[in-house]
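Novice: Take any residue in the sequence shown, count from 1 to its spot, add 1344: that is its number in the numbering used here.
Mixed in with the good hints there might be a few duds.
What follows is a list of derived Cβ distance ranges for each label pair [what the hints assert, rightly or not]: (1) D1417 - N1442: 32 to 38 Å; (2) L1523 - G1375: 16 to 22 Å; (3) N1402 - D1431: 30 to 36 Å; (4) S1527 - N1504: 23 to 29 Å; (5) Q1401 - Y1446: 41 to 47 Å; (6) K1501 - V1371: 21 to 27 Å; (7) R1444 - Q1401: 29 to 35 Å; (8) T1498 - S1528: 36 to 42 Å; (9) V1371 - D1491: 44 to 50 Å; (10) N1471 - E1441: 26 to 32 Å; (11) R1364 - W1494: 20 to 26 Å; (12) G1375 - S1517: 43 to 49 Å; (13) N1508 - R1444: 34 to 40 Å; (14) N1508 - L1356: 38 to 44 Å.
Please keep in mind that the hints were generated in silico from the structure rather than gathered at the bench.
All C-beta atoms in this analysis are idealised placements derived from N, C-alpha and C, irrespective of residue type, glycine included.
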Amino acid sequence: MALSYSKIKVELKEILLSNRPSELYAVSIKGTVPVLCINNTTVIDESLDIMKWALMQNDPNSWISYKKRIQFDIIEENDNEFKYWLDRYKYFDRFPENNRDYYRAKCGEYLIKLNQLLECNQYLLTNKLLFVDVAIFPFIRQCANVDKYWFKDTYAKLANWLNNIIESKLFISVMDKYLEYNSSQRPLITNFS
């Protein structure tokens, strides 16, 4: 979403994690996605870092500068605490130390804070989409998808926030389906618009 918002053209290579091409490992030893290779000299292989890079190139609505410290505090809690509990909630059968309800309650400690932030705004910190909204959105979406009815009933404002992003032109612009990358295909250049 940040690449689309920043109007950055990229060569897109759609990778299935179950069928990773050797070219992926040649670019990033981690072999995970996403990977952004800039002019064959710089590799960025973390989503948040790709977003930051895109906004350093072009940030027309000042996504990243508005209440920057608060945005990064929310993202840090998402990445360091919420994601831990989210994995256990989604895959509770792999973590038998506790039951699904326990893991859901641990996720709820973060979700309730976000829901409270939305008492006065359409988005987390203001009435316009910001870096923080886009950065944590995929994880909140994953959580909501475990039990959509519970999520909507328990966190109505957060569910509305999620729906606003899912229905946004920006999100829709990046959700096209692409053919799996094949080294013999012509390059696919896009800016997602």
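Novice: All hints are to be evaluated individually against the structure, with a verdict given for each.
Specialist: Hint-by-hint comparison with the structure:
{"no.": "1", "hint": "D1417 - N1442: 32 to 38 Å", "result": "violated (27 Å)"}
{"no.": "2", "hint": "L1523 - G1375: 16 to 22 Å", "result": "holds (20 Å)"}
{"no.": "3", "hint": "N1402 - D1431: 30 to 36 Å", "result": "holds (33 Å)"}
{"no.": "4", "hint": "S1527 - N1504: 23 to 29 Å", "result": "violated (43 Å)"}
{"no.": "5", "hint": "Q1401 - Y1446: 41 to 47 Å", "result": "holds (43 Å)"}
{"no.": "6", "hint": "K1501 - V1371: 21 to 27 Å", "result": "violated (40 Å)"}
{"no.": "7", "hint": "R1444 - Q1401: 29 to 35 Å", "result": "violated (42 Å)"}
{"no.": "8", "hint": "T1498 - S1528: 36 to 42 Å", "result": "violated (49 Å)"}
{"no.": "9", "hint": "V1371 - D1491: 44 to 50 Å", "result": "violated (37 Å)"}
{"no.": "10", "hint": "N1471 - E1441: 26 to 32 Å", "result": "violated (41 Å)"}
{"no.": "11", "hint": "R1364 - W1494: 20 to 26 Å", "result": "violated (35 Å)"}
{"no.": "12", "hint": "G1375 - S1517: 43 to 49 Å", "result": "violated (28 Å)"}
{"no.": "13", "hint": "N1508 - R1444: 34 to 40 Å", "result": "violated (28 Å)"}
{"no.": "14", "hint": "N1508 - L1356: 38 to 44 Å", "result": "violated (26 Å)"}
The earlier numbered hints that this structure contradicts are 1, 4, 6, 7, 8, 9, 10, 11, 12, 13, 14.
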